[in-house]
Amino acid sequence: MVINIFMVLFALYFVAIFIGLGIGLLYLLKEGFPDQDPFVVANNYLFYWIIADLLMRFFLQKLPVMSVKPLLTLPIKRATVVNYVLGKSALSFFNFLPLFAIIPFSFMLVSDGYETSLVLTWMFTMIISVLIINFLNFIIEAFSAESEISFLPIIVIIGVLFGLNYFEILPMTSLIGSAFLAIAHHPILILIPIIILGLCYGFNFKILKKKLYLDSSLKSKVAEVNTSDLSWTERFGDIAPFMKLDLKLIWRNKRTKSMVFLLFIGVLYGLFFYPQPVYREMTFMFALIGIFSTGFFLINFGQFIPAWDSGYYKLLMSQNIKYEQYLRSKFILMVISVVILFVLGIPYVYFGYKILIAHFAAAIYNIGINTHVILWGGSYNRKKINLDKKAAFNYQGTGAVQWLIGIPLMIVPMGLFGLVNWLVGFAAAIALLMVLGVAGIVFHKKLMKFITKKYINSKYKMIDAFSQDN
Amino acid sequence: MIYTKNLTKTYNGTTVLNIEELSIPKGQSFGLVGNNGAGKTTYFSLLLDLIKPTTGNITSNNVVVDESEDWKPFTSSFIDESFLIGYLTPEEYFYFIGELRGQNKADVDNLTAKFEDFFNGEIIGKKKYLRDLSKGNQKKAGIVAALIGHPEVIILDEPFANLDPTTQIRLKQIIKDLAQKQGVTVLVSSHDLTHVTDVCERIVVLEKGNVVKDLETNPETLKELEAHFSGGAIFSDEEE
Numbered sequence: 039m040v041i042n043i044f045m046v047l048f049a050l051y052f053v054a055i056f057i058g059l060g061i062g063l064l065y066l067l068k069e070g071f072p073d074q075d076p077f078v079v080a081n082n083y084l085f086y087w088i089i090a091d092l093l094m095r096f097f098l099q100k101l102p103v104m105s106v107k108p109l110l111t112l113p114i115k116r117a118t119v120v121n122y123v124l125g126k127s128a129l130s131f132f133n134f135l136p137l138f139a140i141i142p143f144s145f146m147l148v149s150d151g152y153e154t155s156l157v158l159t160w161m162f163t164m165i166i167s168v169l170i171i172n173f174l175n176f177i178i179e180a181f182s183a184e185s186e187i188s189f190l191p192i193i194v195i196i197g198v199l200f201g202l203n204y205f206e207i208l209p210m211t212s213l214i215g216s217a218f219l220a221i222a223h224h225p226i227l228i229l230i231p232i233i234i235l236g237l238c239y240g241f242n243f244k245i246l247k248k249k250l251y252l253d254s255s256l257k258s259k260v261a262e263v264n265t266s267d268l269s270w271t272e273r274f275g276d277i278a279p280f281m282k283l284d285l286k287l288i289w290r291n292k293r294t295k296s297m298v299f300l301l302f303i304g305v306l307y308g309l310f311f312y313p314q315p316v317y318r319e320m321t322f323m324f325a326l327i328g329i330f331s332t333g334f335f336l337i338n339f340g341q342f343i344p345a346w347d348s349g350y351y352k353l354l355m356s357q358n359i360k361y362e363q364y365l366r367s368k369f370i371l372m373v374i375s376v377v378i379l380f381v382l383g384i385p386y387v388y389f390g391y392k393i394l395i396a397h398f399a400a401a402i403y404n405i406g407i408n409t410h411v412i413l414w415g416g417s418y419n420r421k422k423i424n425l426d427k428k429a430a431f432n433y434q435g436t437g438a439v440q441w442l443i444g445i446p447l448m449i450v451p452m453g454l455f456g457l458v459n460w461l462v463g464f465a466a467a468i469a470l471l472m473v474l475g476v477a478g479i480v481f482h483k484k485l486m487k488f489i490t491k492k493y494i495n496s497k498y499k500m501i502d503a504f505s506q507d508n
Numbered sequence: 065m066i067y068t069k070n071l072t073k074t075y076n077g078t079t080v081l082n083i084e085e086l087s088i089p090k091g092q093s094f095g096l097v098g099n100n101g102a103g104k105t106t107y108f109s110l111l112l113d114l115i116k117p118t119t120g121n122i123t124s125n126n127v128v129v130d131e132s133e134d135w136k137p138f139t140s141s142f143i144d145e146s147f148l149i150g151y152l153t154p155e156e157y158f159y160f161i162g163e164l165r166g167q168n169k170a171d172v173d174n175l176t177a178k179f180e181d182f183f184n185g186e187i188i189g190k191k192k193y194l195r196d197l198s199k200g201n202q203k204k205a206g207i208v209a210a211l212i213g214h215p216e217v218i219i220l221d222e223p224f225a226n227l228d229p230t231t232q233i234r235l236k237q238i239i240k241d242l243a244q245k246q247g248v249t250v251l252v253s254s255h256d257l258t259h260v261t262d263v264c265e266r267i268v269v270l271e272k273g274n275v276v277k278d279l280e281t282n283p284e285t286l287k288e289l290e291a292h293f294s295g296g297a298i299f300s301d302e303e304e
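Residue numbers (the working numbering), protein chains in the order written: chain L, 39 to 508; chain G, 65 to 304.
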């Protein structure tokens with residue numbers, strides 16, 4: 039329920055932005071390019087929109103093939119099923135979203151004195167283009183499904199187009215721009231995008247019809263096992279079995295795999311802020327960025343402990359395991375991630391030595407305090423996670439706990455750091471974070487005992503919650 | 065070995081299980097039968113301390129199950145797919161369970177080697193994740209994993225479902241051996257009356273959470289059970 043509300047809000051947010059864009063774009067263009075025709079400028083930017091739309095769809099939009107499984111045994115023609123799937127994809131949110139910008143923008147154009155027929159033709163061309171992108175994306179996806187590295191095709195296509203344009207070998211922006219303008223001025227040319235759309239649809243139809251059997255695309259993919267030697271974990275002693283399990287958990291499931299990429303985002307997080315002198319002045323921000331950047335994996339992985347293991351929680355609970363070992367494995371994993379992220383973030387020293395010191399203090403705080411806080415928060419976790427679902431836009435397993443835990447995790451250290459920094463000075467603020475962190479490390483055993491007890495106390499509730507399908 | 069006293073489990077005022085007294089001696093192969101909702105899985109879940117009893121308790125080898133965890137080292141089970149870890153291969157799964165039960169790789173390999181027949185070449189060395197195996201093969205892996213580490217009590221919920229006929233016959237032999245030769249207490253539930261009567265020395269019939277029959281298996285048992293359940297069917301028809 040919470041998830042649904044969240045998704046609706048998210049959708050509304052985008053709709054609002056697009057409407058705003060549709061209404062405001064004309065003014066913006068007139069301001070930005072006072073000596074050019076705004077309609078022409080807008081068309082010149084269409085190339086970027088197409089690229090961005092394709093990229094976004096590739097990662098977020100999937101053809102709803104699995105939903106037709108029950109239709110196959112009914113007396114319905116295969117062609118009808120294929121048309122149904124493709125038709126259904128045309129009703130996707132991704133196709134409606136651009137309309138919220140295109141239609142207001144067209145209105146604004148007309149009220150600004152552009153010829154109605156011209157604008158209308160353009161508007162229909164845009165709508166057809168949206169559909170072309172829709173079906174083009176599925177063609178690209180069909181090919182990438184066969185390639186080893188699944189997003190290689192899209193990266194290559196986008197990269198080549200972008201490169202051609204950027205190095206002015208083939209000026210894609212003006213090419214696409216003039217194509218749209220030409221159609222707008224000569225309505226008969228609208229037949230070209232319609233034919234392209236027809237071809238895209240036909241191609242999709244062909245691919246899909248071939249695949250609509252239980253043993254091809256409808257069959258869930260059987261992944262090759264990638265065994266790796268994890269014997270290095272043996273040095274961690276009695277928690278080694280759990281560490282091996284956790285590493286496999288992260289590497290072999292879609293939802294967790296995307297978290298590995300979060301490590302990169304964590305490293306690069308500071309680049310959103312530090313290049314801008316404004317933020318470099320705000321010393322109190324260093325702590326927050328430090329906590330976030332060194333703790334990116336900790337926060338994203340930690341907030342779903344123990345829900346990661348929800349699929350086989352009954353097994354763990356009936357096995358001969360020590361809860362504390364199970365939790366300590368997750369703890370060690372998070373500590374390792376903080377250390378790695380800190381080391382990778384050392385180059386931030388380029389923006390000032392104070393940043394490096396602040397990141398170091400933040401890393402210590404993450405290791406000493408935040409790891410424990412997030413493990414403790416996990417004992418309130420009551421949401422199951424399905425490991426096979428993708429991570430983007432996946433709020434499964436997210437509950438109030440995940441939002442509340444953010445307060446002690448990030449706001450508290452930032453507040454403390456900011457306050458002491460303001461009252462006493464930078465050195466004292468750094469010292470405070472480090473002292474707190476070290477205290478957490480010193481009392482690690484005691485804290486773990488307390489946390490373990492919490493988990494044991496909520497054992498039955500967790501088992502019950504994890505066996506519900508939500 | 066396993067002694068159940070005054071055990072009840074109530075959900076929102078509905079009692080789903082109510083066992084006054086039930087005693088299962090060591091080395092017995094014990095069968096639990098009953099229609100859906102009779103309380104078989106509830107009883108097994110209580111035995112594994114996965115749910116908390118409303119009243120009463122189960123004592124396993126002098127350990128009160130919901131008070132101490134000392135029953136875990138000698139108890140193992142396979143209840144459903146949630147006892148499998150989908151992203152492991154069967155071998156990795158066996159080794160993981162082995163590590164939890166203090167068995168090294170060689171021990172586990174020795175044990176699984178004995179079940180080559182049972183696996184029928186579909187489990188070991190296939191380079192497939194458990195989540196990608198068929199239901200029947202998943203079950204085979206789960207059952208064998210429950211045998212790792214010399215458990216004294218083995219609990220199997222519906223072990224015969226989803227298995228092919230050959231494997232069912234082999235499984236019966238495995239369960240019989242466990243109880244008769246190794247003195248393991250085996251608890252099995254099933255919807256299939258023939259299988260339970262073949263395998264179990266004793267059969268308890270649950271109905272709406274109550275023990276309604278407690279039989280020593282003899283050549284007449286199957287007929288008696290069939291009569292009982294067909295009678296129940298006629299009875300419920302009349303109810304409607």
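These aren't lab readings, by the way, just hints derived from the structure by calculation.
Treat the hints with caution; some may be incorrect.
[Unchecked claim] In silico SDA-like links for lysine to any residue, alpha-carbon gap of 25 Å or less:
#, chain 1, residue 1, chain 2, residue 2
1, G, 116, L, 107
2, G, 192, L, 360
3, L, 360, G, 168
4, G, 277, G, 119
5, L, 499, G, 198
6, L, 107, L, 117
7, L, 249, G, 101
8, L, 68, L, 183
9, G, 169, L, 276
10, L, 487, G, 283
11, L, 247, L, 102
12, L, 492, G, 233
13, L, 352, G, 131
14, L, 499, G, 168
15, L, 497, G, 132
[As the list claims (entries may be wrong)] Derived CB-CB ranges, DEER-like:
#, chain 1, residue 1, chain 2, residue 2, range
16, G, 87, L, 46, 25 to 31 Å
17, L, 292, G, 198, 19 to 25 Å
18, L, 506, G, 123, 26 to 32 Å
19, G, 100, L, 112, 44 to 50 Å
20, G, 116, L, 243, 54 to 60 Å
21, L, 130, G, 134, 40 to 46 Å
22, L, 481, G, 247, 54 to 60 Å
23, L, 449, G, 134, 40 to 46 Å
24, G, 121, L, 481, 33 to 39 Å
25, L, 48, G, 90, 43 to 49 Å
In this text, a Cβ means the ideal position worked out from N, Cα and C, and glycines have one as well.
Against the structure, the hints come out as follows:
A hinted pair counts as satisfied when its Cα atoms are at most 25 Å apart, and residue 116/G with residue 107/L does not qualify at roughly 40 Å. Between the alpha carbons of residue 192/G and residue 360/L the distance comes to roughly 29 Å, so the proposed pair goes past 25 Å and is violated. Taking the CA atoms of residue 360/L and residue 168/G, the gap is near 18 Å; set against the 25 Å cutoff, the hint holds. At most 25 Å may separate the alpha-carbon atoms for a hinted pair to count; residue 277/G and residue 119/G meet this at roughly 22 Å.
In summary, the hint linking residue 499/L to residue 198/G is not supported, as the alpha carbons are separated by about 31 Å, beyond the 25 Å threshold. Under the criterion of a C-alpha separation no larger than 25 Å, the hint pairing residue 107/L with residue 117/L is consistent with the structure, at around 14 Å. Between residue 249/L and residue 101/G the alpha-carbon distance is near 41 Å, which puts this suggested pair outside the 25 Å criterion. Restraint check: the Cα-Cα separation between residue 68/L and residue 183/L comes to about 44 Å, which exceeds 25 Å; the hinted pair is violated.
Our distance criterion of 25 Å between C-alpha atoms is met by residue 169/G and residue 276/L, whose separation comes to about 15 Å. Restraint check: the Cα-Cα separation between residue 487/L and residue 283/G comes to about 55 Å, which exceeds 25 Å; the hinted pair is violated. At most 25 Å may separate the alpha-carbon atoms for a hinted pair to count; residue 247/L and residue 102/L meet this at roughly 14 Å. The hinted pair formed by residue 492/L and residue 233/G fails the criterion: a straight-line CA distance of about 45 Å is larger than 25 Å.
Simply put, residue 352/L and residue 131/G have alpha-carbon atoms about 18 Å apart, close enough for the 25 Å limit, and the pair holds. Using a Cα cut-off of 25 Å, the hinted pair residue 499/L and residue 168/G is violated, with the two alpha carbons roughly 33 Å apart. With a C-alpha separation of about 14 Å, the suggested pairing of residue 497/L with residue 132/G holds against the 25 Å cut-off. Range check, residue 87/G to residue 46/L: Cβ separation about 57 Å, and the 25 to 31 Å hint is violated.
For residue 292/L and residue 198/G, the hinted distance range of 19 to 25 Å is satisfied, since their beta carbons lie about 22 Å from each other. One distance hint, 26 to 32 Å for the beta-carbon pair residue 506/L and residue 123/G, holds here, with the actual separation near 30 Å. For residue 100/G and residue 112/L, the hinted distance range of 44 to 50 Å is not satisfied, since their beta carbons lie about 28 Å from each other. Checking the proposed 54 to 60 Å range against residue 116/G and residue 243/L shows it holds: the Cβ atoms sit about 56 Å from each other.
A beta carbon spacing of about 56 Å between residue 130/L and residue 134/G contradicts the range 40 to 46 Å that was offered as a hint. Under the hint 54 to 60 Å, the C-beta atoms of residue 481/L and residue 247/G, about 47 Å apart, miss the expected range. Look at residue 449/L against residue 134/G: about 43 Å separates their beta carbons, and that is inside 40 to 46 Å. Checking the proposed 33 to 39 Å range against residue 121/G and residue 481/L shows it holds: the Cβ atoms sit about 36 Å from each other.
Evaluation of the 43 to 49 Å hint for residue 48/L and residue 90/G yields a failure: the beta carbon distance comes to about 59 Å.
The structure is inconsistent with the numbered hints 1, 2, 5, 7, 8, 10, 12, 14, 16, 19, 21, 22 and 25, although it conforms to all the rest.
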